[in-house]
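Undergrad: In case you want the letters, here they are:
Number of protein chains: 2
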Amino acid sequence: MTLEKFFNPESVAVIGATEDPKNITSTIITNLIEMGFAGKLVPVNPHHDEVFGLKCYPSLPDIKEQVDLTVISIHSDYVPEVLEQQAVCGIRNSIIISGGFAELGGKGVELEERIKNICRDKDIRLIGPNCIGVLDNYSNFSTSFLPWTKVKRPEKGTLGILSQSGSYVVAMMDMLSLEGIGVSKVVSYGNRADVGESELIEYLTNDELTHVIGIYMESVDDGRRFINASSNFSKSKHIVALKAGRHDSGIEAAKSHTGAIAGRYEIYKAAFRKSGIVEVNGLEEFMDACKVLLMQKPAKGNKVLVLTNGGGFGVSVSDMCSDTGLDVAHTPAGIREALSEKFPEYFILKNPIDMTGSSGDEDYGIAMKSALVDNDFFDAAIIIPLMPPPTMTDGVAGIISQRAKESGKPVVICMVSGIYTEKIKAKFEEKGLPVFPSPERCVKAMSVLVERGRMNGC
Amino acid sequence: MTLEKFFNPESVAVIGATEDPKNITSTIITNLIEMGFAGKLVPVNPHHDEVFGLKCYPSLPDIKEQVDLTVISIHSDYVPEVLEQQAVCGIRNSIIISGGFAELGGKGVELEERIKNICRDKDIRLIGPNCIGVLDNYSNFSTSFLPWTKVKRPEKGTLGILSQSGSYVVAMMDMLSLEGIGVSKVVSYGNRADVGESELIEYLTNDELTHVIGIYMESVDDGRRFINASSNFSKSKHIVALKAGRHDSGIEAAKSHTGAIAGRYEIYKAAFRKSGIVEVNGLEEFMDACKVLLMQKPAKGNKVLVLTNGGGFGVSVSDMCSDTGLDVAHTPAGIREALSEKFPEYFILKNPIDMTGSSGDEDYGIAMKSALVDNDFFDAAIIIPLMPPPTMTDGVAGIISQRAKESGKPVVICMVSGIYTEKIKAKFEEKGLPVFPSPERCVKAMSVLVERGRMNGC
Chain A
-6 MTLEKFFNPE SVAVIGATED PKNITSTIIT NLIEMGFAGK LVPVNPHHDE VFGLKCYPSL
54 PDIKEQVDLT VISIHSDYVP EVLEQQAVCG IRNSIIISGG FAELGGKGVE LEERIKNICR
114 DKDIRLIGPN CIGVLDNYSN FSTSFLPWTK VKRPEKGTLG ILSQSGSYVV AMMDMLSLEG
174 IGVSKVVSYG NRADVGESEL IEYLTNDELT HVIGIYMESV DDGRRFINAS SNFSKSKHIV
234 ALKAGRHDSG IEAAKSHTGA IAGRYEIYKA AFRKSGIVEV NGLEEFMDAC KVLLMQKPAK
294 GNKVLVLTNG GGFGVSVSDM CSDTGLDVAH TPAGIREALS EKFPEYFILK NPIDMTGSSG
354 DEDYGIAMKS ALVDNDFFDA AIIIPLMPPP TMTDGVAGII SQRAKESGKP VVICMVSGIY
414 TEKIKAKFEE KGLPVFPSPE RCVKAMSVLV ERGRMNGC
Chain B
-6 MTLEKFFNPE SVAVIGATED PKNITSTIIT NLIEMGFAGK LVPVNPHHDE VFGLKCYPSL
54 PDIKEQVDLT VISIHSDYVP EVLEQQAVCG IRNSIIISGG FAELGGKGVE LEERIKNICR
114 DKDIRLIGPN CIGVLDNYSN FSTSFLPWTK VKRPEKGTLG ILSQSGSYVV AMMDMLSLEG
174 IGVSKVVSYG NRADVGESEL IEYLTNDELT HVIGIYMESV DDGRRFINAS SNFSKSKHIV
234 ALKAGRHDSG IEAAKSHTGA IAGRYEIYKA AFRKSGIVEV NGLEEFMDAC KVLLMQKPAK
294 GNKVLVLTNG GGFGVSVSDM CSDTGLDVAH TPAGIREALS EKFPEYFILK NPIDMTGSSG
354 DEDYGIAMKS ALVDNDFFDA AIIIPLMPPP TMTDGVAGII SQRAKESGKP VVICMVSGIY
414 TEKIKAKFEE KGLPVFPSPE RCVKAMSVLV ERGRMNGC
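These protein sequence lines map, in sequence, to chains A and B.
To convert, note that position 84 of the first sequence is 77 in our numbering; the numbers rise steadily by one, no gaps.
To convert, note that position 288 of the second sequence is 281 in our numbering; the numbers rise steadily by one, no gaps.
If you're looking for bench data, these hints aren't it; they were derived computationally from the structure.
Be aware that one or more of the hints could be misleading.
No copy is singled out in the list; a pair is fine if it fits within one copy or between any two copies.
Claimed, not checked - Subject to a maximum C-alpha distance of 25 Å in a straight line, what follows is the list of computed SDA-like cross-link-like pairs (lysine to any residue):
| id | residue 1 | residue 2 |
| --- | --- | --- |
| 1 | K143 | G358 |
| 2 | K343 | H240 |
| 3 | K416 | S170 |
| 4 | K100 | R329 |
| 5 | K420 | L171 |
| 6 | K145 | A419 |
Just so we're clear, the structure is a prediction, and the values are computed from it rather than from any experiment.
The shape of chain A in the complex, shown without the other chains (with noise of 0.2 Å):
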């Protein structure tokens, strides 16, 4: 069995609907009229014989058509009740976000048993309970119970989010809009009493509109088979994990969370490294982390060449790169010598090359033709193009991005964010190069391209 209906179902039943804007599946149903889901859309609920203009049924068998899929958030008591009904109307599908099941403990975990009884029994496939459930951005079909007001849907796009945690999928979906990364599905599965991770990335793996997935985990559901589906997923495209759930007071906070145990941190981290997934270790560096590996590819080796205008971020860029495993390598003569003869002396041409601030647009194309376009001895590059001198203009960003594109490696942007310097990252982006807001997360994002290269290669 497919788990196509859980994103793109022809038929939908929301269980306890109601135009109450204090209960939740008021706002489940007014986010997926706004987002034009196109789909059969339909309430139940004995209380009401409307729905936002939309006819409201008693219960579930009094519907005629077929139906693909239950959205279910009635308090928990009542859940396994639905279940029972839904099974006998032949309805496979159901998203639950209710919480009240595992995480609470004592009869919180028999409640999930039963009904993970009923679903198995019944032959229901289930995401959650306790989750937000899905977002396709393409069908555009949701169970998000979040105004789009307050969290802002990203855009269309091949980002694959997987999580246990609701709020980790809320604020990477409002971070991601306001950095303009697309997404493809979004999944919150919270309690996982069903459909884990690891089935969602075997899924995903066909997918061809989900190129990176990014994953919250705070437990695995099946060690196996998530190596395996990883692993699988990994070969042509890119997986980033974080962990949470890793010291001790972490752990017993993801058991209170989503009743997850987290089990030994380091056996996860050698998981990670033979599925080829890459580990991050905190929020900005999961977005980073995803949005480097969509917009690059890997790098064939670590001799990295920093360019900037700025010789303090040079210096620091260095040393990040020492931190993080990058080589800052030697410029070599060849490019050395190609150099010196079109810069004044005082630009550095050791690597960092340091044109100083009196360098302008074109210094940047001159130099990125010198060494990574007409030389292979660099394998990436980090540009730290600083805007603030009067020399600096937005044309930068196509001269920056035209040799990227020649020299075919990959290449990222440290942008120090300010008023007018936000207005060139945007430059930048269109035209493919990811922009990063400081050294450290530039550095960061570039590692991880360097770090899947070396996968790649083994």
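Please build the complex by placing chain B on the supplied structure of chain A, with the hints as guidance.
TA: Chain B only, in chain A's frame:
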């Protein structure tokens, strides 16, 4: 002799002044006019009678009034002559913007020795060469040659910035403006032929307008003097340091950049610890550490309350706290009892206190009252109010800041960036609570407060 005239000169001669936009003196002068600098501005250039409406003098001896300071941005070869001349005129201070000295090696080193000797012999104090010079945000004096249209001038405030790197100073000003963090004085001293960080720290110790110093350093001018000055400053205020040139490639880059001999990093680390200096590793950390020390006081211990409505954030913040030596200690029974009377059973009270997506503004007030105001167990709090749930409104900023104030303990806020959330961020900061855009940056900022608290305790 004091450094006062570098920051608040009554009369300044700009050597080589011209209206030619390609010459940086033109920006220095237009910047000063735009800032409303109240001192006398005297252009010096034999080729002009007037520059930007100001009377221009052929040479320094032609000026009849007392001049406090020269600003020199001519070719390095001509600098010694100007210094000799200003000595004759009794002008005792000079800021040399020009590069072309020790950073080039060889003859540049000799030239720098020559200007050092002149200054020593003729009793001239010198900032630079190869620098941006100063910004005094209260006297409205600056020697920056970058137009304020491209680098936004920060608001008036209490952060001082000292730097060997000009580009870091510029980047910091731009970022600080965007963040709304106010600045008192900025000094970029480049090759540091005379005035260096130790003397500047001594000077700023008595500057009531400077509460925190952020310092970018590749090398130190005088180790013993630096430790003494920093220790003294840190008794009542705070210093944050970014040491660049930590590893081989960075050390080499530093030498080419400002002629600095970066020295062994371990020695710097020890000196920082000894002097009460908070060390940071990147530009965002640099800004965040300055910000948190400007807005909050050090923590008395490392027991940190983590309060959120997003379980995943609770988990990953707990991990990050462990990474940085913060103790997410179990909530004591007394607090748990008090809260369990007020909260539904599915709120998790263990610490992190996870009030789930169902909680609203008022719940933050209730939790903080019991856990932070009425009880002295926790030393500080990291609060992560995720705004997407409909129960959350901008009123939460007032509630949280009120309780933070009552508790007398340091509190930091994590708000993950999104278009809607940005507006709420401003509300928190108006009320004096620093907001950081990711869990990792928020935890790091709290660890700075704990580190400073520990140092003070020693």
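Undergrad: Decide, hint by hint, whether the structure agrees.
TA: A quick look at each hint next to the structure:
no.	hint	in the structure
1	K143 <-> G358	between (42 Å within a copy, 22 Å between copies)
2	K343 <-> H240	between (42 Å within a copy, 16 Å between copies)
3	K416 <-> S170	both (17 Å within a copy, 16 Å between copies)
4	K100 <-> R329	between (71 Å within a copy, 21 Å between copies)
5	K420 <-> L171	both (15 Å within a copy, 20 Å between copies)
6	K145 <-> A419	both (19 Å within a copy, 19 Å between copies)
Violated hints are absent here; each numbered hint is respected by the structure.
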